[in-house]
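Trainee: Start from the sequences and build out the full structure, keeping to the hints where you can.
Protein chains in written order, with my numbering: chain A, 827 to 1198; chain B, 3 to 216.
A hint or two may mislead.
Stated by the list, open to error - Just a few of them, taken from the derived set where beta-carbon distance is under 7 Å, the chain A residues facing chain B:
#: 1; residue: M892
#: 2; residue: R916
#: 3; residue: L944
#: 4; residue: Y973
To be verified - Pairwise CB distance ranges (calculated):
#: 5; chain 1: A; residue 1: A954; chain 2: B; residue 2: P14; range: 49 to 59 Å
#: 6; chain 1: B; residue 1: V25; chain 2: A; residue 2: Y975; range: 30 to 40 Å
#: 7; chain 1: B; residue 1: I54; chain 2: A; residue 2: A954; range: 47 to 57 Å
#: 8; chain 1: B; residue 1: R125; chain 2: A; residue 2: G855; range: 28 to 38 Å
Please keep in mind that the hints were generated in silico from the structure rather than gathered at the bench.
Using N, Cα and C, we set each Cβ at its ideal position, and we do this for glycine too.
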Amino acid sequence: MTKPAVRAHSAETPASVTFQSVTKRYPDGTIGVDGIDLVCEAGKITVFVGPSGCGKTTTLRMINRMISPSSGTILIGDRDSATFDEAQLRRGIGYVIQNAGLFPHRTVIDNIATVPVLLGVNRREARAAAMELLERVGLDASLAKKYPYQLSGGQQQRVGVARALAADPPVLLMDEPFSAIDPVVRAELQDELLRLQREIGKTVIFVTHDMDEAIRLADRIVVFQRGGTIAQSDTPERLLIEPASPFVRDFTGDSGIKWLSLMSTEQIASSSSRLVSERDSLTPSDEWRLSVDDAGVAQYWIAPGQVEHTLATPCRRTFVVGLDPMRAALDSSLMSPAGLAVATDESQRVLGLVDFAQFDAAIHRYRSTAHA
Amino acid sequence: MLDTAWIWRNLPKIWDLLVQHAVLSYVPVVVGLLIALPVGIACVRWRWCYPIALAASSAFFAIPSLALFVLLLPYTGLTAATAIIPLTLYTASLLLRNIVDGIRSTDDSVRQAAAAMGYRPMRRLVSIELPIATPLILGGLRVAAVANISMVSVASVIGVASLGDLFIDGTQRFFATPIIVGIVLTAVLALITDLVLVSVQRVLTPWGQTRRSK
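Mentor: This is how it looks when you write it as structure tokens:
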């Protein structure tokens, strides 16, 4: 098998992508990207955000030379991308676009096998590898022989991701891949991408105009502003806490609330004293309590003074300790008639209840470490 | 009205005319496709070619076939070429538009994806754009094939044998049977040809039968 050209020069590890005063000026004089310097770290997810027309997609597309820079250098690993043969360079860089851009005349499996076949892998081997990838992106093997028009938008996009990963490229470019997908499926695809990234550790560069998506996915967020310059490049947390300019502050919106989605619930204290089994008879109490079934799954809220198991107020929202962010914990608290968040483990077994005061303490701890 | 005895007597001759008619219709379709494909591809590649090629083909299409046959007579004489050459050019003219539209029908996102996957332009044309153009090109072929089958009869006027001979025979002798046989056979040939092309389309483009637009 001919290895992707990019990898041949940067060993087997994911490659960083470095911009050195890169500018894109169009023939009519308009400036798409204005002298940016940026390092997209190897093995991390870098997300480009910004309003439309600010150069984020242009910047992305200069990496695989779909658009050629007017001046400046882009390094893939430590090699100048301009020194690669154009087609070879692109075969070594995964690319996912909005609406997937699948080839309508090819089956799912052949779509995925595209780049390996271009690289000279024989079709049978390429298909076998594609089958594995199909399952890896969460699709059923029975979809292999289907044509793109037979898939839903979300399934098409998963195939698009599999196709981009088929040649195991060190760099993966994603140009607003999930923006045409409905919110529920989009969240699924985002989770899937994070899970996949934990397995494969690619250098991912992701373009979006959705700040929530950026915060959810990014190791580093690069905010672009009008005129094709970078307003700020930082970790999601720093970006929210210390916006570099009023533009970034406005663009990030309700930063404090968004910050909650970055705070871990690992440290949060819960108490199991107010849990009762739905089989036990109730003794009078002047506190809210929560009944759980035999598996420990949350059932109903028991109001102060209530002495019988009625099915009055079901428990609707819980959060998984350490896995869900603070935002989910607060949501659980706000949705409960008692004002208590319900902490569970991954199998939905209730660990305890979290008092609102606990949030204050936990958030306070975060704030003091973040500002330190 | 229909003289079955005449039909039985002339069966071998009718069969010969039918075969000749089919050959005269099909050869131009194949050759016309072979001419139109590179021209169409060139028109997509170099945009300025297209208006010129389109104008030329439209002007050409306006010339009556009989006139062309007569014009060619001094050069190709009473051979099949006299009929085949004009029909080939008609077919090519007809297909040009379908080929260009077909290649252009590839979704921009698909073309972008192909480039980003590392397809060079020639390979992209062959493995992505032409296959996607197939339904439109085959649509053009169906029209061209059926049009040829109906037009070929005219060649009989200049002495190139086809089912048209039956019309001339019938008209000259004021005898309906050959004319009816000619019409029926022409229609049947057109119908079968179209059915074959539709099946070819089914086989070649399993992905396009109920293609949804997004």
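Trainee: If any of the earlier hints don't hold here, list their numbers in rising order.
Mentor: none
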